[in-house]
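**Student:** Using the supplied hints, reconstruct the complex from the two chains, each of which is provided in its own coordinate frame.
Protein chains in written order, with numbering that gives the first Met the number 0: chain A, 0 to 234; chain B, 0 to 201.
Check before you lean on any hint, since a few could be wrong.
Unchecked claim - Listed below are several chain B residues computed to face chain A (Cβ distance under 7 Å; list not exhaustive):
1) Ile-3
2) Pro-6
3) Leu-48
Stated by the list, open to error - Some chain B residues well away from chain A (every beta-carbon gap over 12 Å; in silico):
4) Lys-1
5) Glu-8
6) Thr-11
7) Ile-21
8) Lys-86
9) Val-105
10) Gly-138
11) Asp-141
Since the hints were derived computationally from the structure, they do not count as laboratory data.
All residues carry an ideal CB built from backbone N, CA and C; glycine is no exception.
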Amino acid sequence: MSQNKRPDGRSLNELRPISIKLGVNKNADGSCFLEWGKNTVIATVNGPKPIFPKHLADPTKAVIDYKYRMASFSVTERKSPVPGKRDKEISLVSGHALEAAVMVEQFPNTVIDVNVLILSADAGTRVAALTAASLAAADAGLPMRGLISAVAAGRADGSLVLDLDKNDEDTKDAVDMACAFLMPQKELALLQMDGFVDKKDCSKILETALKGAEMVYEIQKKALIEKYPMEGDIQ
Amino acid sequence: MKRIVTPGELITDKKKKVGGNIFIKDNCIYSSVLGILNESEDYVSIVPLNGPYVPEVNDAVVCIIKNVTNNGYIIDINSHSDCFLPKSLVTKELKIGQMLFARVKVVDGVDVTELDNINILPIGNILVVPSVKVPRLIGKNDSMLNVLKKYTQSNMLVGRNGWVWCVSKNFSLLEDAINLIITNSQKSNLTNTIEEYLKKNS
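Okay, chain B solo, but in the shape it has when bound (with noise of 0.2 Å):
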């Protein structure tokens, strides 16, 4: 059964492969986080519950321009470091306050350097989740998406940061079944029951 680990807890102290979320210290394996334990025989890993975002090469993120500069724009990306893109990697003039989707090309350590594949959004609404519950947003194979876009009649971008992008004919029930995902993550059989969820309510 899954469990919930806390910060410093020892997870086990046989060898065994690592993922995200772990330290070792005296050939222990001990959680970082606060989180659910994902253990099998051969390999321990956590999914956070919460977190700041950390950029990684090839995440797709949505992101805000916060600043123009003679060579450049200044962009946040929902990072604790904001992100330059020179006016030559685009085609248009881009004003304060516009959304773009966009890849990471480079990391710098923990400062996102460089942007590629730059599209620019049109006008929409952006929703905040935690970065650590895209996937779960998201669902296996974009299962819980659909049925968001589907009941809800709406357009939607996820960008890895945890910045939503959405065009919506019923945004209060699309934000509304987002919250739910959001405080419900640690449970499972998650899009049956916000399937059933937005049936009733829409």
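Isolated chain A, as found in the complex (with noise of 0.2 Å):
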């Protein structure tokens, strides 16, 4: 890696090209097609509505029931499409970043399925994923507190980078530390991190990860905006 670029041509401090559209599925409350660099996330939100079994209501809030899931050909090698370790533990962690953001106190008894399909994968795919289903509850028109804006950060060949991709995490010293802040009141609401790293490193990619939060916030908020056209012809 050179001192300023990344094989690919990016800055260190430059994110993959993000491009979203909203209400891409009909049959679901809120919907979100998410492209960042090569990943592509699809992600739909159905409820509040009834929980079954009955015995997993919560009488003071709505249970998120986050599934996230690699469809068999996002990745060069066919993946079993059976949710392993991996899918289940971080249905598990994003979930419970989502609940910060979803205001789940109004909907007692209830259930807020979130179904998170990732068709092709090339690193960084939970915060993709957790981008998308934020989108996709302020689409379904959800009362929530912030938005969630998920982003990595960490290091590559000695350097700290933001948004890293296949390359960058397959470099020999890499350290990959997975954020989701809930914004705009830059709350953390995941941290996951693969790798060894100091403290003063760990406070430094935090750092790093906030400032493509905001980036990412921003582009959030102009395809929320985008979607209801206030001028024109009715079409």
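**Tutor:** What follows is the structure, encoded as structure tokens:
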């Protein structure tokens, strides 16, 4: 890696290009199709609706049933469609992160179904999935404290980088820290990390991630507002 | 000018009366949904662009019988919980799939527990619209509803829960017009535009 550029031509603090389309699935209450570099994600939100079996109900809040799944064709070598340990773990932590944003206490004894399918994967799918899920929840009209803006930051080839792709993750000293922030409050909702890092670098990586999350938040806001054009002919 | 706000967006740090879809934190007012901001000098509220139906007392709703039990009926009112109607409140035996027009009498928390003013609806179609767009479908003094009824020769009953019962001679045109209202609900001067569209196509 040269001093300022990465193998794909991005600078160290640059995100991969993100494009967002809302309301793609007519059967869901809210949906979002997100392309983040080579990652492609579709997220849908249904609910709140009655929960079954009844013993899973929480009388103080709605339960968020977050399902993160990778399609078997999403990676170069076929992935078994059976949900593995990794899928279940990411579903659990991402569901908790989304619970920080959605006002679940307004819908006791119900469930909110969030289904995220990764159509193609190239590192950083859990942050892309969480970003798409929070947009789908906003599209469904659920009351929320803010949006979840997630981004990964870390270290590759000795320098601190934002939004790692597969090349960055495969370097020897790679550190991959997936962070999700509740924006615009800038509260941390999810933090996971791979690799070894000292305290000083850790706080620097968090700062980089926060800057990245601010960029993601601006893109999210723009996508939400663009769905409803205020002017022009009816169509 | 009207503008769209996103969840969590800061609206103002001044003290104002607040309407729906807003939360207050540290004396500042924030939006809690994606919606259109309605702000005046001393009042602020947000009209949501999508959202689930949350029942309130005195709502007129179109509902469907989902199941029959020994002592009553389980009724689907397009909310996140079903409602129970005792057999003593209706004079006639009802069947699964029958449509009703009723008033919400009691709401306990977020669940409807009682209905009254129950009317049995004849056979017709049910159109589904987001419940937050029902005021737009009705219009000021029923203006939009009258336009729709006049040009498509239809009879309609709009439930606050987002279900519309209708019988129409030109059903496809009515469906298209309602879809246009839903997708363009954020624009102003909608009634006139829809009237022009219906004149052109009827």
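**Student:** So, as I understand it, the hint says Pro-6 (chain B) touches chain A; can you test that by seeing if any CB pair is closer than 7 Å?
**Tutor:** With a minimum Cβ separation of about 4 Å from chain A (threshold 7 Å), the hint on Pro-6 (chain B) holds.
**Student:** So, as I understand it, the hint says Ile-3 (chain B) touches chain A; can you test that by seeing if any CB pair is closer than 7 Å?
**Tutor:** holds, 5 Å
**Student:** For Asp-141 (chain B), which was marked as not at the interface, is the minimum beta-carbon distance to chain A over 12 Å?
**Tutor:** Correct as stated: the minimum Cβ-Cβ distance to chain A is 20 Å, above 12 Å.
**Student:** Quick check on the hint: Leu-48 (chain B) CB to chain A CB, less than 7 Å?
**Tutor:** Holds, about 6 Å.
**Student:** Closest CB-CB distance from Lys-1 (chain B) to chain A, is it above 12 Å?
**Tutor:** violated, 7 Å
**Student:** Check the non-interface label on Glu-8 (chain B): least C-beta distance to chain A beyond 12 Å or not.
**Tutor:** Non-interface label on Glu-8 (chain B) violated, nearest chain A Cβ at 7 Å vs cutoff 12 Å.
**Student:** For Lys-86 (chain B), which was marked as not at the interface, is the minimum beta-carbon distance to chain A over 12 Å?
**Tutor:** Lys-86 (chain B) is indeed farther than 12 Å from all Cβ atoms of chain A, at 23 Å.
**Student:** Checking a non-interface call: every C-beta of chain A should be farther than 12 Å from the C-beta of Val-105 (chain B). Is that right?
**Tutor:** holds, 17 Å
**Student:** Please confirm whether Ile-21 (chain B) is truly not at the interface, meaning its C-beta sits more than 12 Å away from all C-beta atoms of chain A.
**Tutor:** violated, 10 Å
**Student:** Taking 12 Å as the cut and beta carbons as the points, is Thr-11 (chain B) off the interface with chain A?
**Tutor:** holds, 15 Å
**Student:** According to the definition I'm using, a residue is off the interface if its beta carbon is farther than 12 Å from all beta carbons of the partner; does Gly-138 (chain B) meet that for chain A?
**Tutor:** holds, 15 Å
Checked against the numbered hints listed earlier, the structure breaks hints 4, 5 and 7; every other hint is satisfied.
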